[in-house]
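S.K.: Put the two chains together into one complex, using the hints given.
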Amino acid sequence: MAAMPRVRLARYFSVALSAGHLVLVSWVAFQVLGEGPVALQVGAWRAPFGISFYVDGLSAIMLWVSSFLALGVHVYSLGANHAEEDTGSFHVFYHFLMAGVCGAFATSDLFNLFVWFEVLLISSFALLSNSTHRKALSGSVVYVAINLLGSALFVLGLGLLYNSAGTLNIADLMLLRSQGPVAPTLQIVSALFLFAFAMKAGVVPLAQWLPSSYPAAGISALALFAGLLTKVGIYTLMRFVGLGLGETNALFMPILTVASLATMLIGVLGAASSAGWRHILSYHIVSQVGYMALAVSMGTVGAMAACIFYLAHHMVVKTSLFLVAGLIEKDSGVDQLKALHRKEALLVVFFAIPALSLAGLPPFSGFWAKLLVLREALRLEWWTAAFFVLLVGLLTLFSMSKIWSEVFQKSAETPVPAPRGTDARVWLMKIPLVVFCAWILLLGVFPAPFFRLASLAAKQLMDNAQTISIVLPGASQ
Amino acid sequence: MMIVFLAAVISALFAGGVFLILRQDLIKVVIGLALVGNAVNLAIFILGGWRVGSVPIIQADQSVLEATAIDPLPQALILTAIVIGFAMQAFLLVLARIQSDKAKSFDTQSLEDASQ
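Sequence order for the protein chains is H and R. Count along the first sequence starting at 1, add 47, and that's the number in the working numbering. Count along the second sequence starting at 1, add 1, and that's the number in the working numbering.
FYI, nobody ran anything at the bench for these hints, they're computed from the structure.
A few chain R residues that face chain H, going by a derived Cβ cut-off under 8 Å, partial list only:
no.	residue
1	Ile22
2	Val30
3	Val41
4	Pro75
5	Ala88
6	Met89
7	Phe92
8	Leu96
We put the CB at the ideal spot given by N, CA and C, even for glycine.
With the rest of the complex left out, here is chain R (with noise of 0.2 Å):
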């Protein structure tokens, strides 16, 4: 039933980013692609295997992953593909930042209009 529910939110994330990165505005197609983002960031999450009340941890008492825990390997993936999508995001904003400066406004048609 989880599982349900979490592939409707990936969806809805999925469809929710590729509108905004559709848009006119910079700052929406920003949204979008850290929608994207995390949309994949969730799918990856839930591929990597999980059991309600498991952790990648290992025990307090123990020197070795349990057999019985699940792979932490993904979730290091997830934290590599976190951080790389917040460098381009803040990328991205830097450059609407500069764009704004230049054309007064975030539309990405006025850019296009103003480096006529």
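Isolated chain H (complex conformation) (with noise of 0.2 Å):
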């Protein structure tokens, strides 16, 4: 059933309208990593008085990496098809989710961080509920409670804060904490907010709701959900450590390092018992997510170096990921599974790209993203999650080999009943992951034009007085 000509220019324009984001997101990474961060105060209100938006490099490098996500899978619906894409709300939705993403990446006030989160909450809603898929509903209903009970508890803890600290401007927070000792009340915050960012990128024991929720989404809606939405988890974790308010709770690093190696652990073991490709694919994000909160947990500026390049690898694989694994359901039938891949040899480049980069394999960007991580922990000498790196790795190689026979193999799953859009236009959605795999075979092949990035990236996130110094110019030390 052709789309009338309106609604297809309808569609059209909206992509167009991603890719001029793209543009305008790459102007400003390029300005912000060649010159220095920029700040923004909204309505020319005086910062702390009013909000502001800073983008430095750790800003601009997301920033980037989500809107050139969005548009690669923006394309991809548009080649697939999709029953539930026909509807104006996923479109709508999209760049509202797109709007909460960038804003929660380039916000420096942890209130407006708030009304971020929930923008792209509750198109994330939308476009989760939006999905044909039979289990639609209950997964959506898991997702929204506790979202909501994360962002209850978000809430709480920001109350807290403007009690205590009488700001709710980071770099203000920054001036604060180097002025002297903070309030012992800013434990119980630390604690709060670690609950709510745990929470919301999916670090266990706060993570069943990932595998609970996501198998039920839409293909190109769980596609930008795998890469962006646990992502914003990761680095809001990375701005309060930055800040330097994990420190004020003894117990902050200690068990965000404890849970992020229970997370890669439990994620991979997770997926390595799943069956149907998207129980498995989401149980790795989880414990790819461990990864990243590992880094995090470490503190230094070569663990945050090391976060920033794994989250530049990891959204462009899982996306990849679950955009072939998409493309496969789309075109097959059960029968059709194993001729597929005799005849679609490409179908299987496509997927072994993103699988071996994601279990670590060299010369493709996850190597060097685990192998970042490992050495800071070597470096630290912490020699638990040195080997939780490694033997978290070898168990998902073996579970993207079980990924690998059931999608290539068998089809252990029926495929979704989705009305097969007769015209769906495969070399649409061919283009964004050919677009994907080089990204990772780039990062794989020439890894240090990006470290240098990440490392320039990670100084000034940890570099309080330059922060300071840009968004409240003339305060006083």
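M.R.: Okay, structure coming up:
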């Protein structure tokens, strides 16, 4: 059933908007990474009374990778032509989701961060429950309920923070922290924020919502969620640690470390014991989040650089995996699967590149990402953590081979009965995969330039003095 | 004295909210989330600083807020949180309505069974 010309025009316009967004973000990222961080006071109200936006290296990298992913998935959805994407609300909430994500990456005010979280949350609710999957409704309920709980605790933490510090501006908090000892109330704030951000990121023991709700989403939405939503949680954890408030509570970092190790292991064991590629890949998200949380919990500049590299690698890899799996699902019936992979060697390549990268094999980006985390762990002499990094890498490889045999040798999960768009343009679905695989190979073969950028971003993250001088010019030290 | 009473109310709201979130009936889950949201809003209100008889409103004959007036910012935060919570609850109720159409009840277990 071909879409009417007006609807098609609307879809193309929507994707063109995503492309325009990427152009703008590239310009900002180019400027920030070249010349230094920039700050913006909304409404020209002076900080810390107005809301500040602060884009430094970390924000720029995250903004760029998110917009890059969003454009790719949008082009893919144009080609996939699923019925659920025919509705106008898909494109509206797609853009709202990107608005929320980009706002969260750019803001320097914690309450504003909460607002952006809610924007992206409700957009993800809409995208999730729009799915035609039979479990969409029950998955949505789980997702909504636990996210609301996390948000409530986040706001409680904000209230306590405002009470003890008098400000919610990140730069101002840095200034206050540099001026003297912090109030004991901030210990509770740290605990509440750790809960809220860990829940958003998908850190065990707050991670079960992810495998319970993600498998029910439509492919394009799922690919976007996998690549973006949990990473916003990791980003806020990095900001919080960079802010220096991670040390106010003596238990913050140790708990995060132990939780991240548990996340890595439980995620990959869940993947190895699941059936159906949606569940396996969802558990992998959890496992890889553990790697990033481990890097954050190390707290050094090198660890933050490793985390940034891992983020840029993982976001693209995860999204590609979901897109490839969706592509295969779309094109195949039960019997066609074997025949498909014989005639569509490209599909095998599209799957192999992100899968091997996820497992951490050279010459793909995952190898360097895992190596950086491992190196930092060894440098800090965290032997248990290093052991877990290696063990989970091995188990990831095992579960990847399991997906391989499942997707390419047989079909354990019956295909989703989405009305098959007979005019699905498969070539459109392949273009973003080609670009993403190129990115993975690029990061894998030439990691040094990107690692330099990541180190620069990590230094800017931990350099509170620079942030204060840009956001609060003229503040007394 | 008042603050002890308010703290007890907030705790009771939290306890009741969490209890309801763990129920099987979807409507009870929605009410539980609403209670938790209300508890948090009340907590922010107290944390924002309050004194009996003091309001964060500029007096009729003044042009700026008095130094002795309480801080209006937390109340703005609460308003934002209320509005966001309201939108979320509306969404959840619609989800509950769709579910009850499908599974003929609000029970989350029946929804699981219906989607098998």
